[in-house]
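*Asks:* Line by line, the protein sequences give chains A and B.
Heads up, the first sequence is in our numbering, so the first residue is 1 and it goes up one at a time.
Heads up, the second sequence is in our numbering, so the first residue is 1001 and it goes up one at a time.
It should be emphasised that the hints constitute simulated quantities derived from the structure, not laboratory data.
This one's a predicted model, so the numbers in the text were calculated from it and none came from an experiment.
It is possible that some hints are incorrect.
From the structure, some residues in chain B lie toward chain A, with a derived Cβ separation under 8 Å [claimed, not checked]:
no., residue
1, Thr-1005
2, Gln-1006
3, His-1029
4, Met-1035
5, Ala-1063
6, Asn-1065
7, Pro-1066
With a Cα cut of at most 30 Å, we get these calculated BS3-like pairs of lysine-lysine [unchecked claim]:
no., chain 1, residue 1, chain 2, residue 2
8, A, Lys-156, B, Lys-1017
9, B, Lys-1059, A, Lys-303
10, B, Lys-1059, A, Lys-305
11, A, Lys-231, A, Lys-242
12, A, Lys-308, B, Lys-1059
13, B, Lys-1034, A, Lys-305
14, A, Lys-156, A, Lys-227
15, A, Lys-308, B, Lys-1034
16, A, Lys-231, A, Lys-213
17, B, Lys-1059, A, Lys-32
18, B, Lys-1034, A, Lys-156
19, A, Lys-309, B, Lys-1059
20, B, Lys-1059, B, Lys-1017
21, A, Lys-303, B, Lys-1034
22, A, Lys-309, B, Lys-1034
23, A, Lys-106, A, Lys-156
Ranges between beta-carbon positions, derived for each pair [as the list claims (entries may be wrong)]:
no., chain 1, residue 1, chain 2, residue 2, range
24, A, His-306, B, Ile-1096, 55 to 61 Å
25, A, Arg-269, B, Lys-1017, 47 to 53 Å
26, A, Glu-95, B, Arg-1047, 27 to 33 Å
27, B, Asp-1032, A, Glu-95, 22 to 28 Å
28, B, Ile-1023, A, Trp-294, 33 to 39 Å
Yeah, the Cβ is synthetic: ideal placement off N, Cα and C, and Gly gets one too.
The residues making up each chain are set out below.
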Amino acid sequence: MHNEHSDAHFQLRIDNGEHIEPKDYMPEGYRKHLIRQISQHAHSEVIGMQPEGNWITRAPSLRSKQILLAKIQDEGGHGLYLYSAAETLGVSRSELIEQLQSGKAKYSSIFNYPALNWADIGAIGWLVDGAAIVNQVSLQRTSYGPYSRGMVRICKEESFHQRQGYEIMAKMMKGTKEQQDMAQDAMNRWWWPALMMFGPHDTDSPHSSDAVKWKIKRETNDELRQKFIDKTIPQAELIGLKVPDNNIQLDEKTGHYTISEINWDEFYRVISGHGPCNKQRLDHHIKYHEEGAWVREAAEAYKQKHLKKELETA
Amino acid sequence: MATDTQLDLWEVFIQSKSGLPYIHAGSIHASDVKMAMQNARDIYTRRGEGTSIWVVPSKHISASNPDDNDMLFDPSNDKVYRHPTFYVMPEGAKNI
Ligand SMILES: [Fe+2]
Ligand SMILES: [Fe+2]
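Just need the whole structure built from these sequences, with the hints factored in.
*Replies:* Written out as structure tokens, the structure is:
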């Protein structure tokens, strides 16, 4: 009989398209890679609430305020689905939060850019959620069961996020010259960071090969980025926005757009903590985590009190 | 440092409409059943996903061990008499 606790048997299951569930045998590298990737993803959802949350009180209408609140609530939910998925791998929520707050764990660099005005809320929904969706649709087929199920749930909620952002941009492009300039300015600032969300080129991506072999990642960074580029450029043109790149060309043969080289120096600068808002994002998370400690303690005390009562009346 | 408990882990099951089975939706953290119910509602049913929720403390769920799968889920192909096709019906029998 074959040994079910061997890496070879594990790889056979992966190659057969099976999903891996929490109690199944998995190589240590697979578990580690998943914990890193899923927790990074969870942190990104939660930190991503900050640039948008900044605009709830200043949304230009009651309609837009309701939409923004609902979207941000969804993002909090996405974080929770993902933390739960990570916990099935044997890591605790407290450890994950600790890793975020100490800077040991990363989150998507895009959230280290500020949302300067209302057009940024449009650009974030359209471009940032748009890029996230391309990645998440692909991850629905990831090999780890709980991660895959979380992605299916998230994807159902995401399309509203992107559409509400595109609606804001389209509306502004139909507005005054000043509003059009604001929308174009937001496009100029968010376009390149959105492309960087897919990570380095495949040739420079340190964790990519194992992740593809284990089917954690189903498509490479460059493949996903190209999908996003091909979808988004026509959307920009439709509403009269200019993509901030003079070298864009549609290759008629392949149907793909080619773009200029991405400024990777900026990417690494922001990832290593030198983006415009890195410190602000973490400080904010730590502050509210600490200020909320009494709520968690009170909930725990309430539970203990009732447990004691139950024992006494039993 | 304050004890930073993240509260207890609960599993959430949702019935999408009456008559259908409850299906595992995911998990949440909560200190008691009331908070578990509230959190499950807020996190898993914001868009009409269900009409009924079960929450169960995760520690009360026992899961089978994948190592026992061969034994537990043996298809019992030797027990062909478990299938209706095993039986010989008289020529001309209908609706059976
Ligand atoms: Fe999200
Ligand atoms: Fe989103």
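*Asks:* Next, verify each hint and record whether it holds.
*Replies:* Hint check:
1. Thr-1005: With Cβ-Cβ at 5 Å, under 8 Å, it holds.
2. Gln-1006: For Gln-1006/B, the interface hint holds, since the closest Cβ of chain A sits about 4 Å away, which is under 8 Å.
3. His-1029: At 7 Å from the nearest chain A Cβ, His-1029/B passes the 8 Å test, so the hint holds.
4. Met-1035: holds, 7 Å
5. Ala-1063: Result: holds, 6 Å to nearest chain A Cβ.
6. Asn-1065: holds, 7 Å
7. Pro-1066: holds, 5 Å
8. Lys-156/A x Lys-1017/B: holds, 19 Å
9. Lys-1059/B x Lys-303/A: Given pair Lys-1059/B, Lys-303/A holds - Cα atoms ~16 Å apart, limit 30 Å.
10. Lys-1059/B x Lys-305/A: holds, 20 Å
11. Lys-231/A x Lys-242/A: Answer holds: Lys-231/A to Lys-242/A is near 15 Å, not above 30 Å.
12. Lys-308/A x Lys-1059/B: holds, 19 Å
13. Lys-1034/B x Lys-305/A: holds, 15 Å
14. Lys-156/A x Lys-227/A: Given that 30 Å is the threshold and the Cα spacing comes to 19 Å, the pair holds.
15. Lys-308/A x Lys-1034/B: holds, 17 Å
16. Lys-231/A x Lys-213/A: It holds: about 27 Å lies between the C-alpha atoms, which stays within 30 Å.
17. Lys-1059/B x Lys-32/A: holds, 24 Å
18. Lys-1034/B x Lys-156/A: holds, 27 Å
19. Lys-309/A x Lys-1059/B: holds, 21 Å
20. Lys-1059/B x Lys-1017/B: Measuring from Cα to Cα gives roughly 27 Å; hence the hint holds.
21. Lys-303/A x Lys-1034/B: The hint holds at about 10 Å.
22. Lys-309/A x Lys-1034/B: holds, 16 Å
23. Lys-106/A x Lys-156/A: Between Lys-106/A and Lys-156/A the Cα gap is close to 25 Å, so the pair holds against 30 Å.
24. His-306/A x Ile-1096/B: 55 to 61 Å: holds, 57 Å
25. Arg-269/A x Lys-1017/B: 47 to 53 Å: Between Arg-269/A and Lys-1017/B, where Cβ atoms are some 52 Å apart, the hint holds.
26. Glu-95/A x Arg-1047/B: 27 to 33 Å: Holds, at about 31 Å.
27. Asp-1032/B x Glu-95/A: 22 to 28 Å: holds, 24 Å
28. Ile-1023/B x Trp-294/A: 33 to 39 Å: holds, 36 Å
Figure legend: structure checked against the earlier numbered hints; every hint is met.
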